[in-house]
Every structure is written in C-alpha cells, then in structure tokens.
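Student: Sequences are here, hints too, so could you generate the full structure?
Spelled out, the chains give:
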Amino acid sequence: MLRRDLLLAYRRRSELLYPLFFLLVVVSLFPLGIGPSPDLLARIAPGVVWIAALLATVISLDNLFRADFEDGSLEQFILSGQSLGSIALAKIVAHWLVTGLPLVILSPLVALWMQLPAPAMGAMVASLALATPILSFVGAIGVGLTISLRRGGQLLSLLIFPLYVPVLIIATGAIMAAADSLPYGGFLGLLLAGLILSVTLAPLATAAALRISLS
Amino acid sequence: MDHFFFIWCAYGAAAIILGWTAISPVISHRRAIREQQANSGAGNQHDANA
Amino acid sequence: MTSESAHNPAQRPPRTNALMLFFHHLGSPPWFYAFAGKCVPVLWILFAVLTVTGLYLGLFKAPPDYLQGESFRIMYIHVPAAWMSMMIYAGMAVMGFIALVWRIRMMEVLAMCSAPVGAAFTLAALISGSLWGKPTWGTYWVWDARLTSELVLLFLYLGVMALYSAYDDQRKGARAACLLAVVGLVNLPIIHYSVKWWNTLHQDASIGLSGSSIHPSMLWPLLIMAIATKCFYLANLLTRARVMLLEQDGRKGWVRDALAGVRG
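Residue numbers (our numbering), protein chains in the order written: chain A, 1 to 215; chain B, 216 to 265; chain C, 266 to 529.
Source of the hints: derived by calculation from the structure; they are not laboratory data.
Only true hints are included.
A few chain C residues that face chain B, going by a derived Cβ cut-off under 7 Å, partial list only:
hint : residue
1    : Gly334
2    : Ile342
3    : Ile392
4    : Pro400
5    : Leu511
6    : Glu512
One side only, chain A facing chain C, incomplete, derived with CB under 8 Å:
hint : residue
7    : Ile141
8    : Leu158
9    : Leu163
10   : Val165
11   : Ile169
12   : Gly173
13   : Ala205
For every residue, glycine included, the Cβ atom is placed at its ideal position computed from N, Cα and C.
Tutor: In structure tokens:
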C-alpha cells in the first residue's frame with residue numbers, strides 16, 4: 001500500500017510542488033507585509049514558519065483520500081475486509097513522505113528569509129520533523145470526516161485548526177527557547193509523545209471516520 | 216467608565232445570547248407542530264379520497 | 266431478564282431495575298417526547314427561581330471585592346458559563362461516544378442538540394470575560410489562558426455544528442459530528458495545558474479574585490448560579506431534542522398521536 005501510494009504520487013509529482021510553493025509564497029509575504037527589519041522578522045520567525053507549514057499541510061491534505069474516494073477504490077478497501085486502520089496508516093505515511101518531508105527539507109531556506117538566528121535552526125528542523133507527521137495524522141481524521149462533502153476542503157481547515165493549536169504552541173516554544181539559548185529538549189520530547197499518540201490513535205479514528213463517510 | 220457599565224453590558228450580553236438560545240427552539244417547536252398538523256390534515260383528506 | 270421470564274413465565278424478576286428501565290424508555294422517541302415535555306416547565310421554573318436568588322445575592326448582597334471593586338460581580342455569569350461550556354462539551358462527547366459505539370439514535374439527537382447550547386455558553390463566557398477584563402486589566406481582549414482556551418473551545422463547537430449541518434443525511438452527519446466531538450474531547454486537556462503553559466511563558470499570571478480563598482457570601486451565589494445554568498441547559502436541551510424528533514420523525518405514527526390534542 002505504501003509503495004502503491006508513493007508510486008502514484010511520483011506520477012503526479014508536479015502537483016506535489018503546490019504545497020511547497022505555497023509555503024514559500026506565504027513566508028515571503030511576511031517580510032513584504034511587515035517590513036524587512038531583521039530583529040522583527042527574527043522574533044516572529046518561528047511562528048511564521050510554523051503557521052505557513054500548517055497552512056501548506058491543510059492544503060495538501062485533500063490529496064490524502066480524494067483520488068481513491070472519487071474512483072471508488074476507497075469503498076473497495078472497506079469492503080475488502082482488510083484492516084482499514086493499517087491502510088489509513090500507510091496512506092498517511094506516504095502523504096507525509098511526499099508533503100511533510102519536503103517541508104522539513106525546505107525549512108532552512110525559509111528560516112533564512114525570516115532571519116532566524118543560527119542556534120534556533122536545529123530546533124526548527126527538529127520540531128518540523130517531529131510534528132509535521134502529527135499534522136498529517138490528525139489531519140487525516142478531518143479528511144475522513146469531510147471526504148464525502150461537497151465543500152469538504154473548506155470545512156476541513158475549520159475543523160482541524162483547533163486540534164493543531166497545541167502542536168503550534170509547543171513547536172514554536174521549542175524554537176523560541178533555542179533562539180534564546182535555553183534548553184529545548186523538553187518541547188521536543190512533548191512533540192515526540194504527541195507523535196506516538198497520533199500514530200497509534202489517529203489511524204483508528206480515521207478508519208472510523210471513513211466508514212461513517214462512506215456508509 | 217465606572218464598573219457598573221461593564222457589569223450591565225456583561226449580563227445584558229449573556230441574557231441576549233442565552234435568551235435567544237432558549238427561545239429559538241420554542242419557536243421552531245411551534246412551527247413544527249403547525250406543519251405536522253397541516254400535513255396530517257392533508258394526509259387524512261387523501262386517505263378519505265383514496 | 267428475557268431468559269429468566271422464559272424459564273419462569275409466571276415469575277417476575279425479583280427486582281425490576283427502575284434506572285435501567287428509565288434509560289431504556291429514554292431511547293424511545295415517543296416516550297422521550299412525552300417525558301421531556303413534562304420536565305421542561307419544571308426546569309424553567311427551577312432556573313428562574315435559582316437565577317433570581319443567585320443574582321440577588323451576588324449582585325446586591327455580596328460585598329465588593331478588595332482589589333477589583335464591583336466588577337468582580339461579572340464572575341457570577343462568567344464562571345458558571347465557562348463551567349457549562351466545558352461540561353457540555355464533555356457531555357456531548359460522551360453522548361457521541363455512546364451513540365457511535367452502541368448506535369443509539371437518541372444519543373445522537375441529544376449530542377447534536379447540546380452543541381448549540383454549549384456554544385452559546387462559550388460565547389457568553391467569552392464576552393463576559395472580555396468585559397470583565399476591561400476594568401481589571403484595562404483592555405477588552407487579553408490572551409490569557411482562560412479566554413484563549415474558551416476561544417479554541419468555541420471553534421471546536423462551531424466545527425461540530427458545521428460538520429453536522431454540512432451533511433444532507435442527518436443521521437450520517439450526526440455520527441460524523443459525534444466522532445469529531447470525541448476527537449475534540451481527547452484533545453481538550455492537551456489544548457488546555459498547552460495554552461496555560463503558553464500563557465505563563467509569554468505573560469505574567471492573570472489576575473483572579475483577590476486573596477487565596479473566597480468569602481462564603483461570594484461563594485454561595487456562584488454555586489446557585491452554577492446549578493441554575495445546569496437547569497437552563499437541561500430545559501433548552503430537552504426542548505431542542507423534542508423539536509429534532511418532530512422534524513426527523515414527521516411521517517411516523519407516534520408524532521401524529523403525540524400532537525393529536527395539541528394547539529399549534
């Protein structure tokens with residue numbers, strides 16, 4: 001399943017760049033809108049990078065089940081009796097590899113634009129690496145709930161932003177602590193705990209959501 | 216501004232919000248009953264004619 | 266109970282569990298409709314009595330606060346509303362969980378009808394909290410832990426309500442919204458603690474009531490208002506549930522029977 005999704009994604013690789021372009025565009029809007037003062041940008045950098053990552057993820061989440069939903073293969077998965085939870089897990093992992101991981105790789109560039117101080121760079125990459133999967137996993141639940149709706153995509157963002165709030169707070173907390181040369185391991189630990197929690201629970205909830213949507 | 220202004224505003228806002236929350240189902244209820252009775256009246260006529 | 270009576274048809278079970286019977290009845294729409302119809306007026310009267318008492322004691326009899334003067338009296342609507350906003354969400358999620366696992370339709374109805382009431386309390390808590398903040402902190406909005414949590418809670422409520430109304434099939438929509446509510450409940454403590462922590466990180470601790478203990482004359486009105494808001498919730502919930510049952514079961518026989526002698 002994982003291989004299948006990665007293969008499908010590879011075939012549509014131009015589409016995958018949209019969320020990345022979105023990230024770049026959104027982040028560059030901030031200096032343009034606020035002014036290029038390095039101190040100001042550096043102070044808001046963690047938040048800006050993270051908010052842009054959140055928005056980019058939400059945009060890309062629609063790809064998660066949409067294609068399978070539209071061509072009926074989602075129904076086939078459910079009817080086949082295979083564990084829907086593990087199918088969801090595989091698809092979410094594929095989704096992250098294709099959208100979250102590029103975000104992580106691109107983040108140093110974006111951090112540079114926002115004048116993020118060097119000590120914080122490591123924390124930023126680590127926080128993105130740990131927490132973008134959380135975004136994918138938790139977001140998948142939202143996708144499962146809205147997949148059968150006409151305006152599902154718009155509703156999706158409203159539904160999952162409250163669920164993303166803790167991730168945002170802790171991740172930016174880590175980066176800001178690192179920027180002040182304070183220890184930030186605790187924050188990353190919390191993110192790791194969140195990751196473990198989402199990996200175990202979110203596929204179950206996503207499977208339940210898909211079953212409801214396709215019932 | 217003295218504190219009483221804020222107290223009045225706070226309780227007034229709460230009263231409006233909660234009052235509207237309380238009244239709107241009552242209005243819907245009356246409307247639903249009226250609709251039901253209109254429908255069952257029409258339905259009975261159909262039954263009589265059939 | 267069924268198997269017992271099969272073996273001993275002449276013998277009733279030694280003790281009919283009245284509570285189980287009650288819950289069993291509640292699951293039946295016509296029974297619920299009639300029962301709720303009787304409860305609602307009682308609840309409203311109780312609410313009125315408690316509110317008048319509580320507000321009288323809180324607004325007139327309790328002495329002014331040492332630090333905050335008169336404006337602390339907003340507490341008597343703000344705090345009960347905030348308590349209700351959280352309790353109703355928890356209740357809604359529990360009802361949603363029961364509805365999903367045991368497929369009980371009445372639980373779906375009750376959960377969906379709870380959402381607007383909870384959202385209203387959350388909004389009231391936000392506005393009263395904001396108006397409490399102006400004389401206390403000098404500004405209408407402050408990103409303190411409680412207000413920020415309430416704001417996120419409001420978004421959670423609106424999400425549940427939006428998801429429910431987005432579906433054409435009401436029962437499917439109710440199930441989806443129930444799942445969302447349960448997911449939100451799992452997240453709620455996480456959100457709470459992260460917001461609280463975020464707040465202490467970025468700002469001094471918010472001002473609460475003066476002193477570490479509340480004077481009894483300040484406490485009683487608060488408790489009375491807390492019970493009053495519960496009566497409000499139940500009365501409103503039962504009314505909304507009755508309306509939803511009428512709308513959903515419009516074609517069924519029990520509706521016609523129930524409305525037989527009722528004025529429009």
